[in-house]
Each structure stands twice: as structure tokens, then as C-alpha cells.
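Novice: Each chain is listed here by its residues.
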Amino acid sequence: MPLDAAPQPPAILVENLCVRFERRGQPEISAVNGVSFSLDRGKVLTILGESGSGKSVSLKALMGLLPPFARVSGRIEIAGRDILKLPASKLAQVRGGEISMIFQEPMSALDPVYTIGQQIAETIVQHEGTDQSTAMARARQLLERVAIPSAARRLKNYPHEMSGGMRQRAMIALALACNPSVLLADEPTTALDVTVQIQILMLLRELQQDLGMAIVFVTHDVGVAAEISDRMAVMYAGRFVETGTVREVMHEARHPYTAGLLSSTVHGGLRNQGELRTIPGSPPSLAALPPGCHFMPRCREAVSRCASEPPVVVPNPGAMVRCVHAEAQHPAGGAPA
Amino acid sequence: MLIFAGRRLLQAIPILFGVTLVIFGLVHIAPGNPIDMLMPPEASPEIIAQMKAAYGFDKPLHIQYLRWLGRAMTGDFGLSVFNSAAVFGQLVTALGNTLVLALLAALLGFSLGIGLGLVAALHHGRWLDKLLSAIATAGVSLPHYWTAIVLVLFFAVFRDWLPAQGMGDDALPLYQRLEYLVLPVITLSLIPMGVIGRMVRATVLDILNQDFIGALTAKGLTRGPVLRHVVKNAAPPVLALMGLQFGYLLGGSILIETVYNWPGTGNLLNLAIFRRDIPVLQATILVLATFFVLLNLLVDIAQAAIDPRIRR
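For the record, the sequence lines run as chains A and B.
According to our numbering, the residues represented by the first sequence are 1 to 337, in order.
According to our numbering, the residues represented by the second sequence are 1001 to 1312, in order.
No incorrect hints appear here.
Below, computed lysine-lysine pairings styled on DSBU-like, alpha-carbon distance capped at 35 angstroms:
| # | chain 1 | residue 1 | chain 2 | residue 2 |
| --- | --- | --- | --- | --- |
| 1 | A | Lys156 | A | Lys90 |
| 2 | B | Lys1232 | A | Lys85 |
| 3 | B | Lys1130 | A | Lys90 |
| 4 | A | Lys90 | B | Lys1232 |
| 5 | A | Lys156 | A | Lys43 |
| 6 | B | Lys1232 | B | Lys1130 |
Negatives, chain B to chain A, calculated, CB over 12 angstroms:
| # | residue |
| --- | --- |
| 7 | Leu1002 |
| 8 | Thr1137 |
| 9 | Gln1165 |
| 10 | Arg1177 |
| 11 | Phe1292 |
Covered stretches of chain B, going by a simulated chain A footprint (3 or more residues, C-beta under 8 angstroms):
| # | region |
| --- | --- |
| 12 | 1204 to 1216 |
| 13 | 1228 to 1234 |
| 14 | 1298 to 1308 |
For the record, the hints were derived by calculation from the structure and aren't laboratory data.
Even glycine gets a Cβ: it sits at the ideal position worked out from N, Cα and C.
Using the sequences provided together with the hints, build the complete structure.
Specialist: Next up, the structure:
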């Protein structure tokens, strides 16, 4: 729930999103278990989590990209429209129009047998019904916008003729083609060299501020998350265990999982960081989640009360922690943020 | 692209040269002497020598090869050892008959196979997929000479619906001559249908599982345009297989042409082998092999036109 009263509806509002995979002959998998957030235009929310925490599945659910055997429930509103209730034809208008997505591997997310120009122009033609030459001219401007040198020539390039960083820039240009209000970014820097990573992050930050987009950025990299976000959400076993501003989450981590994640990560001031610590054990199977707090089996601070559903604690407006220990410090409970 | 096509064309020349060497060599390595077949056992050595000289068999092998190659380049494949008719004329007639059969069978088999594979892939895991996959597997697995015999039994022997063999008299009206094509074309189309169907299904499934299909949906494309991307991505490997299959249809229909008594290259080849008719054998194999090489050349160029990654 947005605790600051926004005059206009948020760019994206997600309420109690759940995703279950049901396939005959296989155990039911609960990949996302009640994720809620809202994000205004011009803000970046980073979802931080390990592999298998459900962060990519959440993004795919927002885009309607999950396979037919996935059961998605909850409410996803984009610019005031509940996209889970939209018919396929209307959904296609929203995808790539209001909301678009960039992917982890630009090489495999671009069609290898079409040029970059064709792929961008195709999106523009699909959404705006312009003719091919207008769309191509727009594609060129977009490539220039994402700082691709000699854009006119690059339009005729195939994905395999570009470097990894260039491809990701082209992917971003493609995602921006129809001025989306929400951009979903699924680990867009993970497959890139470190030097290129920073360039792409800076580009995204700049574009997001110029165009006033809301970005939902998914990563497992704490450093990347700190670099780009306004707000952060730490995800574990399909739900948010802690949300808040970058400062709150990075420096005042209240949930033992967040604290564990931070102290197991190498970041800038390693010399002063002390010992690198790992979190013992591994994330629970999504087919058989433990009752109560999902992190309890790995938690150093677990107590007997953790076996029942953990309380949702709101330490500051806009922040949330799902842990009994936080309750001791901030006794007032609240709605999940 | 033009550079690629030119380079690929140049590469075809040594291949064709090798083909001529193999064809010339194979026939001479094979046991049995064509002159012995022609001559009565009591023929005098002088007459045999005379015959050998007439056909050029008395010269050393490399001279024989060069003379044969030189003449073959101009379309002169010599005279048949069996009936002394010009090989070229026989070959052109047979090739025409085979081409009619192969083109129709390819058209039928390829279109059925592509449709079948595409529909099966889009219904992956459901009953329609299983049914169509079973049909494709049956098409590949049934020995086609057996299918031919069964079809003849049902449609020509038990029921007098279609002619059993031959290609009809030139004097017959067109629709009646077409009746002669029905059974051979169906029989021949089964294998290409099965092979292409299975290949299309596997290729399309593979493409549907790739990230860019999700990305295409994510940018707002509807089913139709996404399918266009799938088809363009699936085209190169399927084209390659179609080239090979068409090549087999041209040369590999010996059994079918024998069962249906169709006067095509398969039939000609079959007769030439039994008659040890070396000039006919050489010419037929050479022409079929050349077709095969040219076909693959065309396929390579078409593939490169579709998929830029092949152009290197």
C-alpha cells in the first residue's frame, strides 16, 4: 500500500500477487506467495533475492508471460487497469505500450534473423500503426537516445553483429519504443562485463529520470541494487520479507535474511567489512514451504514463535519487515507494504 | 550475400569434378566387362578387340575418362551398349518423367509435413500432437515399396479405381493421365511428409522455448506476428532437409518406379545395372548427382538469405 497519498494512481499497483505452477503428475509449486507493492512514475523499486526466490516469476506474471499451467491470482493494475482481467487483444496493447521489459540475456531475447531496426520498428508499427519508414526513423532516434554510436548503420545490424553492451542498449531502445510508463528489468546487467554493467545502470537511471518511468528492477546483486533504486524489496521464498528505502534496507536491515544477504556479499568497503559470512542451508523447496516464517530453518535468531505466521511490522512509513524480532522494536503491526 | 553465393558456387565445381571421377571410377571397378555382355561367347578375339576400340575401352583409363568427360560436357553420353540408342535422348525422357513425379510428391509431402509439424508443435503434449506425430512416424517407418504394393492392391486390384502401373498413353486425355500419377505420388510423398513433419515439429518446439519468443510477446506482438518470427527462424534447417529429400526423390525412387513401372530415371538406372549398360549408368548417375549438388547449392544460398549468421 502506498503510504504517501499520491494525487494520481500509481504507475503500477500489485496486490497479493500469487503464482502457483500446477502440472499433472508433479507437486504444486508456490513460486510467488502474496507480493504487494505500488510504484509511482519516476521511481525505481529493486527486488533483491537469490535464484529461485520468485523474483523473475513475479516479473513474468506482471507481463503475462507465464506458461498456461501457471495460476496467477491477485491484482495487477497498470495505469489504473487490472491486466489480469484484460482479454488477450487488450493485453497485447498494454504489453510493449504501457509496460515493457528488458531481459537478462540480450542475445537470446532478440530474434537472431531480424535486424535491430526491424525489431524496433515492428513494435512501433504494431502499437501505433505508423508506416515502416516513420517507424525506422523513430528506431534510429531511439538508438541515438540510448547512446549507440552511428545509429543509422547499427539499425541494419543483426544481434550477433553487436557487442553485449550494445545489444543490451538496443534491447532498452526496443523497450522504450512506445514510451512505457512502467519498465520491468530482469537482471539486465548480470550477463555483462562489470565496466559495461555500470554504463547500462547509469543509462537506465538517466532514461528513467528523463522519461519519468517507473522501473521494477530485479537483481541478485546487492551492489547493483544500491546503485539504481529508490526503494528496495528483499524477496525470499516467494514473498517480500523486508521493504524500505535503500538506506533503510542497506544500513538498518531488520530482517535476519536481509542482514545475512548483506554480510555474505562482497561490496566496496570490503576491508572494513569484517568477515564474509554465508547463510547456512539453502532456500526451502517451493513445493513444500515450511509453515510460519519461511526463513526459520536457516535463521540464527529463530525462536519458537517463528513457527507461526510472522507479523508484518511497519517500522517507518513505506517500510515493512516480516519478522517477530522487528515486532519487539516496533510493536504496531500494519498492512503489508 | 553475393560474395557468399559466388564463393559457394565456386566450391561446387571441385565437388562436381569429384563426382565425375567417382562415377567413372565406380563403373570400371565394378566386376564384369560390358563387352563380354554384348558378345556371344564364341566371338573371336579380333572382333572383341574391334568392339573395344569402337567403344574406346582399349585406351588407358585416364584417356577414357577425359574423352568421356569432354563428351559429357556437351551432352553427348554416347550410345547405349544395350540397344545402341543415344543415351542423351533416353535420359531426357526418363528425367522428365521422374521430375513430374518428384515435383508433385515434394509439393504434397512438404506441404503436408510442414502443416503437420507446425500444428503438432503448437499443440505440444496434447492429443492432436500425439496423433500427428504418430502419422509422421508412420510415414518415415513404412517401407515405401510395401506401401506401394498395398495401395495397388486396394485401389487397383480390389477396386478398379486407379491404374496399377505405367504412365498411360500419350493419347489419353489429361485427367486420365493424371490418374496414373495418383498412387506413385502418394507413395513417394509419405517419407518426405514424415521426415519434414518431425523436423518441423522439433525445430518449432525448440524455437518456441527460446527467450526471444517471450520477448516478442512482451513487446505486444499478437500470435500471428510471433508465428511469422517462428517460421523465419525455423526455415533454414527445414530448407536444408527439403533439399536433401528432393534429391532423394529424384534419384532414390528406384523401388517405387519399379513397382509402378514408371519410366523414370530410377527405372532406367535399374535396367542399366542389370544390363551392365555402362554409358547409361554413368550418364544417369552424373545427371542425378549434378542435380543433387545444384539443389544443395540453392538451399545454401536460400538459407544464407534468411539467416545472416550463415553468411560467414
